[in-house]
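Participant: Sequence:
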Amino acid sequence: MLSLAEFLSKIISPILKKHPSVQMRFFDSEAFSGRFTDVLMWETAEVQEYQFLVERLRETLFWGTYFEIVEIIPAIENAYANYYGVAPISG
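Numbering follows the UniProt record's numbering, with no gaps: position 86 of the sequence shown is 86.
Hints are supplied without guarantee of correctness; some may be wrong.
Across the chosen pairs, the derived CB separations fall in these ranges [said to hold, decoys possible]: (1) S90 / E46: 36 to 46 Å; (2) K10 / S33: 27 to 37 Å; (3) F52 / D28: 19 to 29 Å; (4) E59 / A87: 26 to 36 Å; (5) R58 / P20: 34 to 44 Å; (6) L16 / V86: 29 to 39 Å.
Calculated from the structure, these hints are not laboratory results. All of these numbers come straight from a predicted model, not from anything done at the bench. We put the CB at the ideal spot given by N, CA and C, even for glycine.
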């Protein structure tokens, strides 16, 4: 079995590079939450590219071995502002 560093560089990095329109941010939350220890935030304007990336990750040890995927919460930044035609309140 690969070390975590090897797994990330040899398996995960090439998958991420295949989908440059999808950006990943990683947050460590174990000091702040008992439910989740890590949070991944994905950002893209290309929903199908995100879906393809997730399908590829599901075929690796990333999904279920290194990480337990508890929830996927789709969201649109400032959607209320766009809908109501107002300026967003976030800074």
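Participant: Against this structure, judge whether each hint is valid.
Facilitator: Results for each hint:
Hint check: S90 to E46, Cβ distance near 23 Å, so the stated range 36 to 46 Å is violated. As the Cβ distance of K10 to S33 is approximately 30 Å, the hint placing it in 27 to 37 Å holds. At about 26 Å, the CB distance of F52 to D28 agrees with the hint of 19 to 29 Å. Distance hint for E59 and A87: a CB-CB separation of about 43 Å, inconsistent with the stated range 26 to 36 Å.
Our hint of 34 to 44 Å for R58 and P20 is violated, since their Cβ atoms are close to 20 Å apart. Distance hint for L16 and V86: a CB-CB separation of about 35 Å, consistent with the stated range 29 to 39 Å.
In this structure, the hints that do not hold are numbers 1, 4, 5, in rising order.
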